[in-house]
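S.K.: These are the residues of each chain, in order.
There are 2 protein chains.
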Amino acid sequence: MAFFALNLLHSGVPLSMLCAVIGLVFAIVLIRIVIRASAGNERMREISGAVQEGAKAYLNRQVVTISVIAVIIFILLFVFKDHPTAIGFVVGAFCSLSAGFIGMRVAVIANVRTTQAATTSLLRALRMAFNGGAVTGLLVVGLALLAVSIFYTLADKIVGHDLAIRSLVGLALGASLISVFARLGGGIYTKAADVGADLVGKIEQGFEEDDPRNPATIADNVGDNVGDCAGMAADVFETYAVSLIGAILVAALTLGGNSAAIVYPFVLGGISVLGAILGVLFVNVANGKPAAVLMGGVLTSAIVSAILFWPATHYLFPTGLTIAGALRTPTQLYFASVIGLVMTAVVVAITNYYTSMRYAPVQKIARASETGHATNIIAGLAVGQHATALPVGFIGIAILLSFHFAGLYGIAIAVMSMLSMAGIIISLDSFGPITDNAGGIAVMSNLPKEVRAVTDQLDAVGNTMKAVTKGYAIASAGLAALVLFGSYVEELKAHNPAFAQFTFSLTEPKVIIGLFLGGLLPFIFTAFSMDAVGKAAGAVVREVRRQLKAKPGILTGQDTPEYGTCVDIVTKAALREMIVPALLPIIFVVAAAVIKPLGPVVLGGLLVGTIVTGLFVAIAMTSGGGAWDNAKKFIEEGNLGGKGSFAHQAAVTGDTVGDPYKDTAGPAINPMIKVANIVAILIIPIFF
Amino acid sequence: MAFFALNLLHSGVPLSMLCAVIGLVFAIVLIRIVIRASAGNERMREISGAVQEGAKAYLNRQVVTISVIAVIIFILLFVFKDHPTAIGFVVGAFCSLSAGFIGMRVAVIANVRTTQAATTSLLRALRMAFNGGAVTGLLVVGLALLAVSIFYTLADKIVGHDLAIRSLVGLALGASLISVFARLGGGIYTKAADVGADLVGKIEQGFEEDDPRNPATIADNVGDNVGDCAGMAADVFETYAVSLIGAILVAALTLGGNSAAIVYPFVLGGISVLGAILGVLFVNVANGKPAAVLMGGVLTSAIVSAILFWPATHYLFPTGLTIAGALRTPTQLYFASVIGLVMTAVVVAITNYYTSMRYAPVQKIARASETGHATNIIAGLAVGQHATALPVGFIGIAILLSFHFAGLYGIAIAVMSMLSMAGIIISLDSFGPITDNAGGIAVMSNLPKEVRAVTDQLDAVGNTMKAVTKGYAIASAGLAALVLFGSYVEELKAHNPAFAQFTFSLTEPKVIIGLFLGGLLPFIFTAFSMDAVGKAAGAVVREVRRQLKAKPGILTGQDTPEYGTCVDIVTKAALREMIVPALLPIIFVVAAAVIKPLGPVVLGGLLVGTIVTGLFVAIAMTSGGGAWDNAKKFIEEGNLGGKGSFAHQAAVTGDTVGDPYKDTAGPAINPMIKVANIVAILIIPIFF
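Protein sequences appear in the order of chains E and B. Residue 692 in my numbering sits at position 294 of the first sequence, with consecutive numbering throughout. Residue 716 in my numbering sits at position 318 of the second sequence, with consecutive numbering throughout.
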């Protein structure tokens, strides 16, 4: 036992690297299988090529824009902080960008092949779309695990243990900041194009979704790739890396840098790569309804992880671990890690309930559409808010239990184990945009209606999956941010002895003011994001109207629309509009630090305030948006009058309002909260 | 100097009673002037009579429903707490109900006379509507000040000082609880009728607002009276009484019951009654644009109060007051009280900016309507969220400054001085529904279009005023609730020595869990409220459709609609649907107290969490709703295509979504937050 323990202690990080590599290799094998499948006829390949080109062009320009800001921050870190932190920032930023590119590249390969598979069978299309998602999932998780472990190992050797740990915060900032930009830029792009296309196309002209006569339709499909795929991949990379780093920080700051405690999160991550691979294999052999097959994959992955966590925990902590003066048994630590897995299942199940068309909430919105646009909106807003209750309740339980088992470290472990599921969870998330695009390609290539029916069916499942993974991402982000806040407090105490005994008490007015200021951040962050979508969508609407007026032949199919101008307009608008909201968390935190009567106490309250309201706003937005989307799909399936009915028109309005909710503003809160917390940790030695 | 001081110390409470009585007498004089004005022709009196009857019938049934719950709580208090508290509860509940009745009665007298005045001139109509509001304002404030001072004086004599102070909490609970019910019941009523009438009337049938062919039109006008007038009056009574009681509690709990500190809030209240009277007189003699005249009234009132606060503070605290171990000068205390007046002006100005059609935010929503329903909604949601930033920022500054001047007592004094402005502020708030109703009567009595044009112009001002006063109410509620939270902590420490040194630290997981649970409360409270409106509105829509189908002659004017059935449907729905959300704050607080692993620490976090998210949700809803309403009015004035255009249709959708936001869910958060805090204080000796 002791031998194994010693072994895992020293080999834990290398072993987790090995697992990451196995995951990457498996992903490469999977992508080869995907690529070998047929990409359909020439028309399909042509459309897919146009989408791919638009997506690449956008991402390249996004990289240029973000790089300017990244270079400025790199210089600031290089000058005012230390060099390893600045280098960590670059590594995090680079990997986060790469994750986005991977997500986009894989998706554009998989979508046209999913269309082709849909011409043969539902199950084949399901597997094709899922495997495309799984490639992204495994590549992103493998990359995150590998990046953090290599950086940590090298930094540890070169600049020593202490600085290595601190420089990880730089890596976290790089990952988070890029992720905010990717989420916002991609989210504004995808939803401006989508909303713009819908407003003129569906509502004014009565086009179907993805009608090739709609000048904004290519931009809409490009958006799915740059927002839902690239943005999401960057986001999950960030969430994974930050959760891992958060756990390491807590181990370093509160457990005196206990080696086993630092190695443990790496080991959890490594094990779950194996779990994710088995989950992917399950989906590729199982039969059944799409949603059930996908959930089976998640369950397989969770069970494998839960089983393997047990020996790993006991090998690593043969005699337990002393936390806050009390010895915690290996079993207690194991329980903390299992909480993360259970939380994943719970959040997935809850969000599924609120956003799947099989349950009451979505059907309530659909019925409210019968009385008009306004009642649809009111019902959707209410569903989104209702959907916050259970996740927040369970987050409370998770905090209580994991803290009970192993203090702040227990929470960090729960978060890491929750995030260790990311490999399989992203597979689900990417599934949505891939099937969405597949459907678009089917319509634009004039494939038979049955093909679109297959992709529509998968798309509805995909909508729920997207909402589910966003619920998962934001719940884990809330917990991860709490861990970061804990690190902020510890770091502040360690840095400035004046705060050694300080408690951030609710009876302290500065804490309350901080809670208010922090609580404000998600509200105006999302307000700016929605404004951005509204503005960019308005530009698309005007352009589409202009084209339809200038070339009346477009409507009859005699003229071809200029897809390129719409792509160009959205690209520029997205890049311009993402800057202000993305910088808000940095501005708030630095302002709280710099403005005289505020300072570290207000900043502490601010961090918690952002987590509290951020969690609610994000869940309400992502769940509400998903529910609106599926309420529309529910009616389109022929319920309550079906397509073209009054109820359907109202449901389209709800879906359109839900677009920026669920794909721009809501999911961007996740990295935004963490940027705020990470920046706060970084600036402690500079200002306090 | 010392002689005056001694005098004011002993005569302060009786003097404030005298001021309250002067206010009441002035209100009675004013109502006589209003009544003497012409109530128009027979048709107008008939319609006004129908509205009045519906409103009375509703309020009577609401009293019955609420009484059942009030009796249960009275019995619980009588058995588990002390008798004075139970009696205080009855007094608070009774006065809050009475305030609601007063608000409704005065409004139905004033509205028809405003219609009549509108046939002569804009200024006369303005004054008539304002004076109707002023009667409510002065009666409510006078009643609140009188009720608290008489109850306190009597209880002090009969059961002694300590118990008298504690039993005031019972009075606060009675006031707040009734207020939640009145706000919710009235809010559901008014908006279900309004939304229902609009959905079928305006959108399906193309009726004008208040078209007598619309079977829901009387219910809609009844709603304005039971929701906006009765609900609001109960709400402001509650806010006033609770702010006064909060200040007394802080003086008793943290200043050892210093007499001058207890008398001070009474004196501030008394002085402001005089200020309000002068403000009302100003509006009755000034000339100019409606908004400017009304703002002049507020300013007059604030300046008079600010001037009179100075000598009063110095007489009462000739040598200052020792707070938290430091002597505060009379000037410092005076500054704390002036902060409340300044905050009133600031919040009024900010909300005016976000909701008046003269500024960018409303016009942005109007322009977004040109691209459809969805962009209107997105823009409105964004404006609501943006509107939270400045108020919250200024609330932060107010907390910082007033705490700096006089600790928690300083915050309490700032709140009380803010609330002392209520007399003039309600005059503005009531102004809105009175003009709204006046317009309805004009249309239904077939008066010339010019009359409706006058009332429409006043109605737009009224919309802004309503949003403004809601911003004021919620900002003051946030501050008042913080004072109550402070009292909760002090009471807990005094009651249970185990908590004597306890700090509600953000690093304590239970505090975080409390923040999450409390943060949840406003989200699901408003979700339930909106559901309630949606359900009740759906019932109205079905009934209106049924009538129009059964009697096609209604459309041509040959048949008269059955107004009564709509009134009946909304009445029943409102009373049924208000119960669950109204009880939520009690359920949350008691659950946190009773469920084992939670307890007093989680409860403390819960109280603050509710305040934090409640403030944002309430401001976003009330400002967003007001902005949507005026964006519609902006288009109806002939901008962007005017009435009947595509933009107008989209703006009607936004207005309809805004209805439950601004008149049901949003304003009900105000008393809800306080119910949570008061219940928490009350149950300390029972559970902890």
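Be aware that a few hints might be false.
Just so you know, same-sequence chains aren't split out, so a pair can sit in one copy or run between any two.
Keeping only pairs whose Cα atoms sit at most 30 Å apart, straight-line, the calculated DSS-like set for lysine-lysine is [stated by the list, open to error]:
#1 Lys970 <-> Lys600
#2 Lys947 <-> Lys762
#3 Lys600 <-> Lys454
#4 Lys762 <-> Lys479
#5 Lys600 <-> Lys891
#6 Lys762 <-> Lys600
#7 Lys454 <-> Lys762
#8 Lys1041 <-> Lys947
#9 Lys555 <-> Lys933
Hints in this document: simulated from the structure, not taken from any laboratory.
S.K.: Quick one: lysine 970 to lysine 600, C-alpha cut-off 30 Å, is that within a copy, between copies, both, or neither?
M.R.: within (24 Å within a copy, 39 Å between copies)
S.K.: Have a look at lysine 600 and lysine 891 and pick one of within, between, both or neither, based on CA distance no larger than 30 Å.
M.R.: Close neither inside one copy (58 Å) nor across copies (62 Å); limit 30 Å.
S.K.: Classify it for me, lysine 1041 with lysine 947: is the Cα-Cα distance of at most 30 Å met within a copy, between copies, both or neither?
M.R.: Classified as both: same-chain Cα gap 26 Å, cross-chain 25 Å, threshold 30 Å.
S.K.: State whether the alpha carbon distance between lysine 762 and lysine 479 is at most 30 Å within one copy, between copies, both, or neither.
M.R.: Close neither inside one copy (53 Å) nor across copies (43 Å); limit 30 Å.
S.K.: Is the C-alpha distance from lysine 454 to lysine 762 at most 30 Å within one copy, between copies, in both cases, or in neither?
M.R.: Neither. Shortest intra-copy (40 Å) and inter-copy (33 Å) distances fail the 30 Å Cα cut-off.
S.K.: My question is about lysine 555 and lysine 933: at a cut-off of 30 Å on alpha-carbon distance, are they close within one copy, between copies, both, or neither?
M.R.: neither (50 Å within a copy, 65 Å between copies)
S.K.: Checking an output row: lysine 762 and lysine 600, CA cutoff 30 Å. Within, between, both or neither?
M.R.: both (23 Å within a copy, 24 Å between copies)
S.K.: Is it within, between, both or neither when you check lysine 947 against lysine 762 at 30 Å Cα-Cα?
M.R.: between (39 Å within a copy, 25 Å between copies)
S.K.: Can you give me the call for lysine 600 and lysine 454, within, between, both or neither, at a CA distance of at most 30 Å?
M.R.: This pair counts as within: shortest intra-copy Cα distance 27 Å, inter-copy 47 Å.
Consistency with the previously given hints fails for numbers 4, 5, 7 and 9, ordered from lowest to highest.
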